[in-house]
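Asker: These are the residues of each chain, in order.
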Amino acid sequence: MPSRRRTLLKVIILGDSGVGKTSLMNQYVNKKFSNQYKATIGADFLTKEVQFEDRLFTLQIWDTAGQERFQSLGVAFYRGADCCVLVYDVNSMKSFDNLNNWREEFLIQASPSDPENFPFVVLGNKIDVDGGNSRVVSEKKARAWCASKGNIPYFETSAKEGINVEEAFQVIAKDALKSGEEEEIYLPDTIDVGSSSQPRSSGCEC
Amino acid sequence: MSSSDSSSSSASDDPNPKLKPQPLESQFQSSLTLEDSDGVARTDDASVAEQQQEQQDEGSGNGSVDGVVNVEDNGHRDSSDREEGIGSGEARDGDGGSGGGGGVVWRRANSEVELEVEAPASPSSSGYAGGRGSSGASSASRADDASEEDEIEVVGNDDGGAVGAPDSQAEWTPGKRHVDEDDASISWRKRKKHFFILSNSGKPIYSRYGDEHKLAGFSATLQAIISFVENGGDRVKYVKAGMHQVVFLVKGPIYLVCISCTEEPFESLVAQLELVYGQMILILTKSLNRCFEKNPKFDMTPLLGGTDVVFSALIHSFSWNPAAFLHAYACLPLPYATRQAAGAILQDVADSGVLFALLMCKHRVGTSLKVISLVGAQKASLHPDDMLLLGNFIMSSESFRQVTSESFSPICLPRYNPMAFLHAYVHYFDADTYLILLTTRSDAFYHLKDCRIRIETVLLKSNVLSEVQRSTLDGGMRVEDLSVDLQQHTGSTSRVEDKPHTETPERIRESSLVGLGGPAGLWHFLYRSVYLDQYVSSEFSSPINTHRQQKRLYRAYQKLYVSMHSKGIGPHKTQFRRDENYVLLCWVTPDFELYAAFDPLADKALAIKTCNKVCQWVKDVENEIFLLGASPFSW
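Protein chains in written order, with our numbering: chain X, 10 to 215; chain A, 4 to 638.
Since the hints were derived computationally from the structure, they do not count as laboratory data.
Bear in mind the structure is a predicted one, so any value in this text is a computation, not a measurement.
Some clues are possibly wrong.
Unchecked claim - Taking lysine-lysine pairs in the DSS-like style, the calculated list, with each CA pair at most 25 Å apart, reads:
{"hint": "1", "chain 1": "A", "residue 1": "K195", "chain 2": "A", "residue 2": "K243"}
{"hint": "2", "chain 1": "A", "residue 1": "K570", "chain 2": "A", "residue 2": "K254"}
{"hint": "3", "chain 1": "X", "residue 1": "K57", "chain 2": "X", "residue 2": "K40"}
{"hint": "4", "chain 1": "A", "residue 1": "K570", "chain 2": "X", "residue 2": "K57"}
{"hint": "5", "chain 1": "A", "residue 1": "K570", "chain 2": "X", "residue 2": "K183"}
{"hint": "6", "chain 1": "A", "residue 1": "K254", "chain 2": "A", "residue 2": "K243"}
{"hint": "7", "chain 1": "X", "residue 1": "K57", "chain 2": "A", "residue 2": "K179"}
{"hint": "8", "chain 1": "X", "residue 1": "K57", "chain 2": "X", "residue 2": "K103"}
{"hint": "9", "chain 1": "X", "residue 1": "K187", "chain 2": "A", "residue 2": "K193"}
{"hint": "10", "chain 1": "A", "residue 1": "K254", "chain 2": "A", "residue 2": "K289"}
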């Protein structure tokens, strides 16, 4: 409970296995990249402090496993997310096609209050591979899909070269912050002893 | 450790528990008694190492022969627990010592367990370095005392000083410490007892140590564990990992987790998590559930801003305040007439629209609270846990504590009505004594102020406040004052009204020169009145005079409490337990519970007799040590 107001944002990273979710996160948080592929088991959690418009906030990044066998973790993982990052590999059409599934799955599981305006960010990763020659998903195609889903911000990234990673997470933070802004006044009731239905706790609920 | 290590007689032995309890002696006639070496059933190496060291401590401190402990066992007990650790007749090498000669051999022959320390102990793997060899430690300052703090396990090199200079509660500074740490810090990982509150989306709400935001990843991991099990339609209660126990408590959208290597029983840790949750409800009410329903992203931390100190004070109190595990409150000893006078004026204001009126004072050591008097409007009653949480909230918040200032704050009593706020008017009459008036009306400040002025006038006129000051200085019951001969007992706490009385020769008042312990090696006792929801604790006396020893004793009581009340193996009526630290005797009846600690070499028959005397003594002075005639404090 910090006395200075800080905001914590829960960011979920989704996408097919092997598209580079963990690498993106590692590049962003630790400024490191490894060519070795290590499948994420369940989920990994990282935190990063970010300053944005004179405010300090913490990104709690949930790097999930892309393998289908981990999808049962759904609800628990998605609950209360402030932003969802969808990642695909520009060199794999299937990973791009699956973005739709990932997005819908997320909206079902997380059931955010305003699904139309829930902040997503799409990242097309691995643009460095083979100098771009093995690329199969064009930027135009990706941007068209993003536009059709309510103007999702789109970035082309390379976790290996560190291209656009910082920029992408800046937008993630900004969007997540925007959606978390609306705040209600916390005003619980006061006990009304006069009323006949005096609530009574059983006294042994523990 | 299972309570089957000790003698106990189950309540079902008693055909008619409503009857007045028999003297303790007769209870023991039909029950088993086991004098046991604590921790024999433990199997892990680290505890063997610790055991080894403890044995040595005893060997040097209490003069028991060659560190050999004989366990009296009449063989009637189910020994299966122990069999796990020590096969019948099987010798087992303790390998806790990291290399070099200091082996412990466990031997079980028929019904006798011997523990032999064969050679000077080698340093244990757990890093306790103090107390090695027979001259390293005395029984009064034990080598692992230092690690009893919920702090980093440190080498116990300050034991020597601890005897002469009792470390008091006063050293504890309120508020959160070690904010710079996170889960990557070695120091953070070594803390003995962590508490976490998080939301069911994995957002951190509170951590005892370290910065919540830096622990966001750790907090997410905890949520993942809980949710993973939840997804399978199950619930995770605890996880054991080596010396550590991870205990989970799910309260709707709020998850509470304790990670501890203090060897406290699971039941105790859950009860502590319940209190931590209750403290949060006291500050915010359960309406916070609605916020999570509307918005799972809901971040509670701003609502709890500045309340770190309340939670850390509560968690600290788990180690030294018996109210936390007894679920009872303590009263300040006062002459009956004085308490009556205080109660009368409180009753007066309660009749004028105040829901609860509490006059409390701070114990002279630490921030433990004692009740002077309390009154509830008709039919309204206060749960002792609510009193603990309310007292902790008020005493730990600096802003309430300005003498002569008045505060008005919304608070919720979780056991009274967890959904809604009451309003509390708080006023300190002096540094230690304060008044709480609880009302349902948010506009009642001026009315309550008038009530307070009336109360203050009466309290001054009837000398209540000066009696309170005298009592806080004098302290409570002292084991040294327990008369040796019950027949001669005059029946009074020496401190309260005894002064004008003539002294009986038996009652030599040595207590002023640091207690020497009571008759038959009695060191300390706790007495809980079941119907009153109140307890009385004797003052600490030698040799329980350092904070660490007191904490150790409370932990032992806490274990005893759990073993007497746990559903699986209890309930029990009596228990006699001897280990290398104490003889512990517990007696539970429908009317009261007595927990007593004796010298480990105390004679059993004498100890039992002494417990009877303690009970008689408490009954003799109950007018002064308890608040009588208050409305029953149960629903």
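Asker: If you test the structure against every hint from before, which numbers come out violated?
Answerer: 4, 5, 8, 9
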